[in-house]
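Whenever a hint applies, use it, and build me the whole structure from the sequences.
Now for the letters of each chain:
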Amino acid sequence: MHLIIFIVFAGCCLAGAVNLLLQTHPINSALSLIVVMTSLAVLYLLLGAEFLAIAQIIVYAGAIMVLFVFVVMLLNAGREERTLGSRAAKMIGLPAVVVLLALFATVILHVHGFGVSSASQPITDTAELSAVLFRDLLLPFEVTSVLILIAILGAVALARLGNGDRTVSK
Amino acid sequence: MQQDVPLTWYLLLSAALFCLGIVGFLLKRNIITVFMSIELMLNAVNLSFVTFAHQWHAVKGQIFVFFVMMVAAAEAAVGLAIIIAVFRVRNTLSVDRIDLMKL
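Respectively, the protein sequence lines represent chains B and C.
All the letters of the first sequence, read from the start, carry residue numbers 2 to 171 under my numbering.
All the letters of the second sequence, read from the start, carry residue numbers 124 to 226 under my numbering.
A few of these clues could be false.
[Unchecked claim] Example chain C residues on the side facing chain B (calculated, C-beta under 8 Å, incomplete):
#1 128
#2 132
#3 142
#4 150
#5 159
#6 163
#7 166
#8 188
#9 210
#10 212
[To be verified] What the simulated footprint calls covered on chain C by chain B, stretch by stretch (three residues with Cβ under 8 Å from a Cβ of chain B suffice, anywhere in the stretch; the number is not a length):
#11 135-141
#12 176-187
#13 191-204
[Stated by the list, open to error] Which residues of chain C face chain B? A few of them, derived with a C-beta cut under 8 Å, are:
#14 131
#15 153
#16 155
#17 161
#18 162
#19 168
#20 170
Rather than coming from a laboratory, the hints here were simulated on the basis of the structure.
Glycine included, C-beta positions come from ideal geometry on N, C-alpha and C.
Right under this line is the structure:
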């Protein structure tokens, strides 16, 4: 059962990611990225991370991708033009990616200890996670809220019409 | 609940998604799609974090993914605001035309 669900949603993930590369219109790429993120949420459920699965759907597939789609529509982004791009990216980058993938696969498949599940309690539940998050890691959590606040202010300041000085002096 | 999927498969999927993200970053010419490729890479790394958290039953791994999500949300907000600002000045989204700082 787990195997079937894994194969289906891992296939969805890879198909969405490949589709992201093949599509020329940004809105199609955004929609296929939503497919990738939602399938990843299902994989998180398989791995016993319920809270992260819900957070993945709400934060990534919900908030971040809505932001992306909104910007694509706001800027009226058309099809991307197929230019040659940088030659260095094609000449060095793509072989480097292949080498990197081969390296990852070799390490994952051959290094001892990867994929061997230890045999203590099987599933970490949300109560345990929240206990650690709100007791042991309370300070990083609060610092994250400050980070989000700064990001909101920065986004508003950057995306505002014109620069700040001009609007103040007028 | 029997876990019958080998954990290496999750790690291989994570590596494949990461490499697809790099390919998208190198080949896509629209700045928004390049940014989406970065999000794809972040997701791939999150998947390997969750896999290792499951393997060693470590809650800290999942919490790290939570923080990565929060930072990614902040990054997306600021990055898209920068894209809007760049579009307002240069009136294009193609990365070939936004190459003022290129060597």
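Broken hints, by number: Numbers 10, 17 and 19 - these are the hints that the structure violates, sorted from lowest upward.
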